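Given chain A's structure and the hints, the job is docking chain B onto it.
Each chain is listed here by its residues.
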Amino acid sequence: MKKSKGQTTVLLLFFLPIILLILAYTLSNGKLIYKRIKLQNATDGAAYTAALWQARGLNVISDLNWCLVSAYTAETLTQNFTYPVTKSVILGQDMINRTFPGTGALAGYNNFSRNFSNGKVAPLSLSGMFSLKVKRFGKPIMLQYMVKDTETAWVNQRNRGPFVLMIGFAGAETGFIGANAFGFGIPAMKAIAQAMPDKEDTDIRKLLNEYDISLVTGDLWDPSYEPKLIPVSLGLTILSKGVLH
Amino acid sequence: MRGKTHGQALVEFVLVIPMFILVFICIIQTALLFNAQYTAKYASFCGARAAIVHAKFPDKPDVYAKLAARYVLNAGSLNPLKQVALVKGEYLLFEYRVTVTIPIKNYIPLYNLFVPIFPVKASTRLPVE
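Protein chains in written order, with the working numbering: chain A, 3 to 247; chain B, 31 to 159.
Keep in mind that the hints were calculated from the coordinates and are not lab data.
As the structure is a prediction and not an experimental result, all values here were calculated from the model.
There could be a bad hint or two in this list.
[Said to hold, decoys possible] So the derived list for chain B, only partly shown, Cβ under 10 Å to chain A, looks like this:
{"id": "1", "residue": "A39"}
{"id": "2", "residue": "V46"}
{"id": "3", "residue": "V53"}
{"id": "4", "residue": "Y68"}
{"id": "5", "residue": "K71"}
{"id": "6", "residue": "I82"}
{"id": "7", "residue": "L156"}
Idealized CB from N, CA, C, for every residue including glycine.
The following block holds chain A by itself, in its conformation from the complex (with noise of 0.2 Å):
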């Protein structure tokens, strides 16, 4: 009589390569992705770290600048810096506020242009501003931010500012038998991020508190540098292609 036993087990036998292959596919990808996002949080931190640690420079140097214009006046106690505040230290925080915008004391000097012959100079004007009208409970209010897109001046107010570029990088794994055997091994992969201290878009305590502020003479009301992740613009152009793999 034929022994006829272990049939199953040959049948086993072709299945079991599928299964795995299957297996080591899904196992594989996951944790890629996994790998991926860590890779991408830690390059994400990274950036906003270091343009946090600049935000808190650029602060310093603010509240620096504050206490340089009252020592320069008469009017430390009042703090009305209007006439007779040197000339001298205003124009010195315009190009400061010019340069980091809102560092500066003080803002919208007149003859800006005739006391500094270097460079272009873009005048403040109320035309050029970026304002948003906002209907909360009520009728509309007008908030007035500052200059976002100045195509002459002093410096360029669309690089304004450090940034931080930060790239990440992932080493391959040695997998099982190799690093890339049967395709199912997980490769070298990078990640890129950048970050940038930030004034405007952050501040959502202007619109909380109703009030219409105009930037033209200063950051009087004094929000501070905060750090933002923004699309990676290598100089010109915004990379927007999609997800770097």
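Chain B alone, transformed into the frame defined by chain A:
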């Protein structure tokens, strides 16, 4: 008993094969569900990250979130249901959450009738300032 046992192997085979196929289908289904799970996770992560990076204050970040999530879903596989996936973005106080739901068809024969579709959900929250 020494009767004729011709065709015994065939009968056993016929009885065993459905179980095998059922188990095989279950394995494939599980792999498909895992695939959907990490695809949804990655899509939601990309969407949330795109939203907080690209969005400015007056605009809503939903547009960027959906764009990035669709990019990932379309690149992920040939499954047409992945393109029917639902992408939802919601504001919490200082974070933004994106939820991606991918419907996966159930291929297991009798379970099919009770639960035709498995919805696979994943969401990420990222801080918004």
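For each hint, the structure was consulted:
1. A39: holds (5 Å)
2. V46: Holds, because the Cβ-Cβ distance from V46 (chain B) to chain A comes to roughly 6 Å (cut-off 10 Å).
3. V53: Hint holds; V53 (chain B) Cβ to chain A Cβ min 9 Å, cut 10 Å.
4. Y68: For Y68 (chain B), the interface hint holds, since the closest Cβ of chain A sits about 5 Å away, which is under 10 Å.
5. K71: Holds, about 7 Å.
6. I82: holds (6 Å)
7. L156: With Cβ-Cβ at 9 Å, under 10 Å, it holds.
Of the numbered hints listed earlier, not one is contradicted by the structure.
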